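If you read the sequences in order, they're chains Z and Y. Residue numbers for the first sequence follow this note's numbering, so the first one is 1 and each next one is one higher. Residue numbers for the second sequence follow this note's numbering, so the first one is 1001 and each next one is one higher.
Source of the hints: derived by calculation from the structure; they are not laboratory data. Treat the numbers as computed from the prediction; the structure is a model and nothing was measured. C-beta atoms are modelled at their ideal positions from N, C-alpha and C, and glycine is treated no differently. Any given hint could be a false lead.
Here are the simulated DSSO-like cross-link-like pairs (lysine-lysine), alpha carbons at most 30 Å apart as the crow flies [what the hints assert, rightly or not]:
#, chain 1, residue 1, chain 2, residue 2
1, Z, Lys-141, Y, Lys-1002
2, Z, Lys-188, Z, Lys-150
3, Z, Lys-179, Y, Lys-1066
4, Y, Lys-1037, Y, Lys-1016
5, Z, Lys-179, Y, Lys-1002
6, Y, Lys-1038, Y, Lys-1002
7, Y, Lys-1038, Z, Lys-141
Selected chain Z positions facing chain Y (Cβ under 10 Å, derived; list incomplete) [unchecked claim]:
#, residue
8, Ser-168
9, Arg-202
10, Thr-335
11, Ile-354
12, Ser-360
13, Cys-361
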Amino acid sequence: MGPKMLELKFRDKLENQIPGQACCNVPLKNTPAWVSGNIVTPIGSVLRVSSVLSATDYWEHFKCRTTSYRNDYTVNPGLYAVGDPGKNSHVLVTANYKYSFDTLRSELEGLDAWILVLDTKGINVWCAAGKGTFGTAELVKRISAVQLDKVVAHRQVIVPQLGAPGVSAFRVKQTAGFKVLYGPVRAKDVPAYINEGYKATREMRRVKFSLSDRLVLTPMEINPAMKKFPLYAALVLVLFGLSPSGIMFKDAFTGGLPFLFLGLVSVFSGALLTPALLPYVPFRSFAVKGWITGLLSVFLSTKFVPLLNQQNIFLLIVTYLFFPQASSYIALQFTGSTTFTGMSGVKRELRIAIPTYLVSCAVSLILLVMYKFTMWGVI
Amino acid sequence: MKYLLNAATIEIFPEKCTGCGMCMEVCPHEVFTLNNKKAVIQDRDSCMECGACASNCAFSAVAVNKGVGCAAALINSMITGGEPSCDCSGGDKKSNCC
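Produce the entire structure from the sequences given, and follow the hints as far as they go.
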């Protein structure tokens, strides 16, 4: 029997699962590589998943980190098996963002456990918990939908600690009869947590934000910023090209080029440099951090790229007024990706930052208009 | 790394606290410690207002103005007048961030 036959036979087996079970995985038309079989339980057949990630999984994770591929990367909510779980096996809860699901299963080599996947609309545990989609209501609903009480003899589920903002452990106990044990922050600590009798060390309970944690997030800071770049470039070229006799292409490029370059410098500074150097840039405010990094980046760029040196006083002022604040604005967006910024703090920053940005944009524009007028000999 | 000084809205009501330690267990930033069998805030500036402590306190002894610490979400809510939400582009699948 060749591999093709084996696959067909296996697919047949999957599709012969009893349909209409609210609990379980919808039979899959194309069996993905991460499914390694199925397991018969009191509530029917449950998919067994591999604890080894494939090259495809890694490639998909890379795409999640860099593109909008992440927006539709899901597994079906429900119950899954790892290893050969039974009545007394642990139940580990996770989100239906496939990256989260993969991260969990990849740490369960050698363990026999159930994975209960909540419907979080394809969002990771922590973000979904913030919104409440990874939450008490969904957990209670999912426990009952998969008839967890018939699958396991015990009455406890292990919820990742970062699910806690959405989950109310005492309410889950009251309504579903299952005790919520908060597991460690990181999936890699799950085996140790279980081995220690459901005890997480201080270290396991703390969220970190290392250089690699920060760097891996930067592509999704750079992408949105670069999406706005064509619009910015068009504005710059029109502004510099504009003359009383129409748009001059030569002026647009010779005048506009330094500003286009500095625009890229601002994106680089705000979306990559500031996140990378976050702990080392002085002050706690992200707007200030981004501004400092931006100022230095602009200054160094003009030192090393003679093209960027502005002889005109108006353009020189705009260079230092606009670009560091563009970097500041972009750096401020990173508050949405960090592990430690709170809403009250961001609101406090915005109260000062937004008016500052608006004023400096307006002043920059006025200075550019004045520059144009002096070029045209109007003033 | 810590965020802005004294910005977090977290509050403990000692008279309701039983010292069960649940807030300490769920907090990802070691904001709490136990002092005379009562939870106390030892590190306010590390609080990111995720709300895990408040939603898991069975005695309502912790309160925090929970919300997303995301500039894009807050700017969007200022423009649209809606609640700040992580859905960068309005709650559909096209969302760019978390």
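Evaluated hints:
1. Z:Lys-141 with Y:Lys-1002: Violated - the C-alpha atoms of Y:Lys-1002 and Z:Lys-141 are around 37 Å apart, more than 30 Å.
2. Z:Lys-188 with Z:Lys-150: OK: Z:Lys-188 and Z:Lys-150 at ~29 Å, within 30 Å.
3. Z:Lys-179 with Y:Lys-1066: This hinted pair holds, its Cα atoms lying about 24 Å apart.
4. Y:Lys-1037 with Y:Lys-1016: Distance of about 12 Å is within 30 Å: holds.
5. Z:Lys-179 with Y:Lys-1002: The hint is violated at about 33 Å.
6. Y:Lys-1038 with Y:Lys-1002: Holds, because 24 Å separates the two Cα atoms, which is no more than 30 Å.
7. Y:Lys-1038 with Z:Lys-141: 34 Å, violated
8. Ser-168: Hint on Z:Ser-168: holds, closest Cβ of chain Y at ~5 Å, below 10 Å.
9. Arg-202: 7 Å, holds
10. Thr-335: It holds, given that the least Cβ distance between Z:Thr-335 and chain Y is near 5 Å, below 10 Å.
11. Ile-354: This interface hint holds because 7 Å falls under the 10 Å limit.
12. Ser-360: 16 Å, violated
13. Cys-361: With Cβ-Cβ at 14 Å, over 10 Å, it is violated.
When each numbered hint is compared with the structure, violations occur for hints 1, 5, 7, 12 and 13.
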